[in-house]
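**Q** The chain contents come next:
2 protein chains.
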Amino acid sequence: MPELRKDPIVGRWVIISADRGKRPSDWDSVRDTSKNVGSFCPFCPGNEDKTPPEVYAVRTNGGSSEWKLRVVPNKFPALQIEGELVRKGEGIYDWMSGIGAHEVLIETADHSLELPDFSPSHIESILQIFKARIEDLRNDTRFKYIQIFKNHGVAAGASLEHSHSQLIATPILPKRVVEELEGAKKHFELKERCIFCDIINQERGFGKRIIQETDEFLAIAPFAARFPYEMWILPKRHYSHYENMEIGLYLKLAEILKDALLRVNKVLDSPPYNFVIHTSPIQEPATPDYHWHIEIIPKLTKIAGFEWGTGFYINAVAPEQSAAHYREVGI
Amino acid sequence: MPELRKDPIVGRWVIISADRGKRPSDWDSVRDTSKNVGSFCPFCPGNEDKTPPEVYAVRTNGGSSEWKLRVVPNKFPALQIEGELVRKGEGIYDWMSGIGAHEVLIETADHSLELPDFSPSHIESILQIFKARIEDLRNDTRFKYIQIFKNHGVAAGASLEHSHSQLIATPILPKRVVEELEGAKKHFELKERCIFCDIINQERGFGKRIIQETDEFLAIAPFAARFPYEMWILPKRHYSHYENMEIGLYLKLAEILKDALLRVNKVLDSPPYNFVIHTSPIQEPATPDYHWHIEIIPKLTKIAGFEWGTGFYINAVAPEQSAAHYREVGI
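Sequence order for the protein chains is A and B. For the first sequence, the numbering used here begins at 5 and goes up steadily by one. For the second sequence, the numbering used here begins at 5 and goes up steadily by one.
Hints are computed from structural coordinates only; laboratory data are not their basis. It is possible that part of the hints are untrue.
Only pairs whose alpha carbons sit at most 25 angstroms apart, straight line, appear in this in silico PhoX-like list of lysine-lysine [what the hints assert, rightly or not]: (1) 189/A to 10/B; (2) 189/A to 190/B; (3) 92/B to 212/A; (4) 190/A to 190/B; (5) 195/B to 92/A; (6) 212/B to 92/A; (7) 240/B to 10/A; (8) 190/A to 10/B; (9) 10/B to 212/A; (10) 135/A to 179/A; (11) 189/B to 179/A; (12) 190/A to 189/B; (13) 92/B to 190/A; (14) 189/B to 10/A; (15) 190/A to 179/B; (16) 195/A to 179/B; (17) 179/A to 195/B; (18) 92/B to 195/A; (19) 179/A to 190/B; (20) 195/A to 10/B; (21) 262/B to 212/B; (22) 179/A to 179/B; (23) 148/B to 79/B; (24) 190/B to 92/A; (25) 92/B to 189/A; (26) 135/B to 148/B; (27) 10/A to 212/B; (28) 10/A to 195/B; (29) 10/B to 179/A; (30) 240/A to 189/A; (31) 92/A to 189/B; (32) 179/B to 10/A.
With the C-beta cut set under 8 angstroms, the calculated list includes, among others, these residues of chain A facing chain B [said to hold, decoys possible]: (33) 187; (34) 316; (35) 322.
No residue lacks a Cβ here, since even glycine has one placed at the ideal position from N, Cα and C.
Hey, can you work out the whole structure from these sequences and the hints?
**A** This is the structure we're talking about:
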């Protein structure tokens, strides 16, 4: 059973998932970045029995093997769905049982395709499945937050090559999420405006950090980007919750996400990357002060001692410069 | 000139050091982890003119080429020492000139040696140079914090193989540091006790997370370790500032640091690692609520989308298990 443990100094929670525990010698493989291109793929058609039973699927004609998209529980979940949320103290330490959900969305039956290869309507299906999974999982009131993310490439933490994204539902609001919510709330209290709406307006005025703009979405290099070529995609209309968007917007989002990832691949020669959906806590009502968005982080640099110690990031590419490079490439 | 930019939502500062800027095509090398084993080393004896002029050195007989340890400004500094601390706003954004210091401590003249290969007294010299550099740089009141860290191995962010550590002086207190100081202060206000002293006492009582204990220092696997095999070294006597320890303690620290890194190398087959000194702001007086310490992070895993989104870490090795593995190896 995984555990949640709280750092007694800064209050950060950590998942200790020791069922996935390894002997020290198992860690050698971490240094070899070429290892995951194996011959057997549990996500390919025909190997459906190698994953836990699916919780959601999209099929072409209702045929049982002709799936286009599948959602399955992670075979090695970071958090576990069964059990009670138990809280415990041990002297000055705080401890909680590792309750949660950890699901994998297999984005295609075709092992050779990557997310930006898909048609906008296929990407729309993926984005709507994220929405559907949130709407299902929020019925379980043990869960407070759902993190949707994609790790692409070994250096970005992907352990399987076949295109997939993931979702983890957590029983507490993560620290990083609380910081963002509180920062946005502070701005709203001061100005009666959403800080993300302010950012959108200001960036549209400046222009220099804009990567792409459509009727409904804006892609920018953020002013204080932590990483070279970091990109954010924001809906121009204010929505605090990803899952609450007007239904037609998921296709528009699919279009700009495809465009964004094509630019990342073209400018940076198909790098490993992470994308992360930042959204509001699933049990809370819509709010005027927070604004969901996507953050895309091409994995180009290593996190080193200075970053671990200070939480400061050193970014060797000005966001204005990365936005210009992204704009210049033809898609 | 590097810039400091503040994220308007969470208040995190970022260093945009675009003088180190690269064209997109330069990033390819990031994916090749074997590239830094070049033939030319600017840190080797005979190449002293390839680094900026040294700011500190230890020599065997006062001879000019026979140095044992050298401190030089970083040739590609993240922050720049010359200039005025200018603050500027741009709409909702905050901006500051990138003033600071970035120095490299070349830990040995011998390219083939690593830190744990050195004698305790050689490591003591390194630890005392950290102290001396803090005592010198704190006279520059533009600097508020000094981060001392070591990146060992390419995967941990080292760009040169020759054994070295680094120091960055920043003009603001980093967010991560403030969080730790505030967390410790809160505990002190509640209990009139230092939280780190409490941790030390509690861990000595439990035993299960202790890796090594000497008269003056304790090495533990922290209760809420973010990373597999993370290790902390704490002085058993309370000191808020690294540079304020009784002078004899630096040798004792050298001994346990050598022991710790030998254990890391033995258990994990010489992995890349970072170590980071967490200490109090240099311009502030000694305090009963904060306790300096070292955090050692073997680089075994990748930071992925879930961590970027939530600030939550998933650790697949229980600290009790890693402490046992560390204890078991003979040194």
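**Q** For the pair supplied as a hint, residue 189/A and residue 190/B, confirm whether the alpha-carbon distance does not exceed 25 angstroms.
**A** Cα-Cα ~23 angstroms, so holds.
**Q** If you draw a straight line from the CA of residue 189/B to the CA of residue 179/A, is it 25 angstroms or shorter?
**A** holds (19 angstroms)
**Q** Is residue 92/B within 25 angstroms of residue 189/A, Cα to Cα?
**A** Answer holds: residue 92/B to residue 189/A is near 24 angstroms, not above 25 angstroms.
**Q** Closer than 8 angstroms between Cβ atoms is the bar; does residue 316/A clear it against chain B? Give me holds or violated.
**A** Status holds, d = 5 angstroms.
**Q** Taking only the CA atoms, is the gap from residue 10/B to residue 212/A under or equal to 25 angstroms?
**A** It holds: about 18 angstroms lies between the C-alpha atoms, which stays within 25 angstroms.
**Q** For the pair supplied as a hint, residue 240/A and residue 189/A, is the alpha-carbon distance within the 25 angstroms limit?
**A** holds (19 angstroms)
**Q** Please work out if residue 92/A and residue 189/B have their alpha carbons no farther apart than 25 angstroms.
**A** holds (24 angstroms)
**Q** Under the criterion that the straight-line Cα-Cα distance not exceed 25 angstroms, is the pair residue 189/B, residue 10/A satisfied?
**A** holds (17 angstroms)
**Q** If you draw a straight line from the CA of residue 179/B to the CA of residue 10/A, is it 25 angstroms or shorter?
**A** holds (19 angstroms)
**Q** Keeping to a limit of 25 angstroms between CA atoms, is the pair of residue 195/B and residue 92/A held or broken?
**A** Since the Cα atoms of residue 195/B and residue 92/A sit roughly 20 angstroms apart, the hinted pair holds (cutoff 25 angstroms).
**Q** Compare the distance between the alpha carbons of residue 262/B and residue 212/B with 25 angstroms, and conclude whether the hinted pair is satisfied.
**A** holds (22 angstroms)
**Q** Holds or violated: residue 92/B with residue 195/A, Cα cutoff 25 angstroms?
**A** Given pair residue 92/B, residue 195/A holds - Cα atoms ~20 angstroms apart, limit 25 angstroms.
In terms of the numbered hints stated before, the structure departs from none.
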